[in-house]
Amino acid sequence: DAKTTQPTSMDCAEGRAANLPCNHSTISGNEYVYWYRQIHSQGPQYIIHGLKNNETNEMASLIITEDRKSSTLILPHATLRDTAVYYCIVRVAGRNTDKLIFGTGTRLQVFP
Amino acid sequence: DVKVTQSSRYLVKRTGEKVFLECVQDMDHENMFWYRQDPGLGLRLIYFSYDVKMKEKGDIPEGYSVSREKKERFSLILESASTNQTSMYLCASSLARVIPSPLHFGNGTRLTVT
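Those protein sequences? They're chains L and W, same order as listed. Going letter by letter, the first sequence gives residues 1 to 112 in this note's numbering. Going letter by letter, the second sequence gives residues 1 to 114 in this note's numbering.
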């Protein structure tokens, strides 16, 4: 199973862009990159996912390198409510193996 | 919005008790999952189900069983609770089986076994 590597923690000033990196050098061609976040005492919240093209939604942007070995989640204007643990996950999808493999994530602290 | 509801936020049980953790989703999702979350270990998959009465073992199924009698409900059962099963338990559901769709999580049940 492909695994991901993320920094343990990051800081970001409120209003600035938060760029969260993720390495997934063993990713296979049919595996998606997913991002989730978990705010204290809540369940993980889905943010965005992609296969090989860059993606954007109302929460964030996802930039995937051409070789697909790494990606970056971008929160364009971080707020205090974005303080959370962010998980980069490679989705192993198949008929009987559809599951998420979570790592330990990046703890993002947004400060005033 | 998808809603995944776990019946209890906090639960305290004694060693040897049989424990039921209930999860209900309201979006007609085919797939349902049970994870546990422990400090330093992240989320680990216990069991999952693609359909009613169907179940598959995840990475750490030992000491657990599951039941899916109805599409919207997925129960996790600890046959004889032990202290090493003290953890945060998270239920999730998703729509599609072949085309990966996002998992939607409940807010978790924090189980303490004494």
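Simulated from the structure, these hints should not be mistaken for laboratory data. Please note that the accuracy of each hint is not assured.
[Unchecked claim] Pairs of lysine-lysine, DSSO-like flavour, derived with a Cα cap of 27 Å: (1) Lys53(W) / Lys3(L); (2) Lys57(W) / Lys70(W); (3) Lys55(W) / Lys3(L); (4) Lys53(W) / Lys71(W); (5) Lys13(W) / Lys57(W); (6) Lys69(L) / Lys52(L).
[Unchecked claim] Among chain L residues calculated to face chain W with C-beta under 10 Å, some are: (7) Gly43; (8) Pro44; (9) Tyr46; (10) Ile101; (11) Pro112.
Beta carbons: idealized from backbone N, C-alpha and C, even for Gly.
Hint-by-hint comparison with the structure:
1. Using a Cα cut-off of 27 Å, the hinted pair lysine 53(W) and lysine 3(L) is violated, with the two alpha carbons roughly 31 Å apart.
2. Only pairs whose Cα atoms come within 27 Å are accepted, and lysine 57(W) paired with lysine 70(W) is accepted, the gap being roughly 19 Å.
3. Proposed proximity of lysine 55(W) and lysine 3(L) is supported: the alpha carbons are some 25 Å apart, at most 27 Å.
4. Simply put, lysine 53(W) and lysine 71(W) have alpha-carbon atoms about 9 Å apart, close enough for the 27 Å limit, and the pair holds.
5. Restraint check for lysine 13(W) and lysine 57(W): the C-alpha separation of about 24 Å stays at or below 27 Å, so the hint holds.
6. Note on lysine 69(L) and lysine 52(L): the hinted pairing holds, with a Cα-Cα distance of about 10 Å set against a maximum of 27 Å.
7. A hinted interface residue such as glycine 43(L) counts as satisfied when its beta carbon comes closer than 10 Å to some beta carbon of chain W; here the least separation is about 3 Å, so the hint holds.
8. With its C-beta approaching chain W no nearer than about 5 Å, proline 44(L) sits inside the 10 Å limit, and its interface hint holds.
9. With 10 Å as the threshold, the beta carbon of tyrosine 46(L) comes within range of chain W, its nearest partner Cβ sitting at about 4 Å, so the hint holds.
10. With 10 Å as the threshold, the beta carbon of isoleucine 101(L) comes within range of chain W, its nearest partner Cβ sitting at about 8 Å, so the hint holds.
11. This hint is violated: proline 112(L) has a C-beta 27 Å from the nearest C-beta of chain W, more than the 10 Å allowed.
Checked against the numbered hints given earlier, the structure breaks hints 1, 11 and satisfies all the rest.
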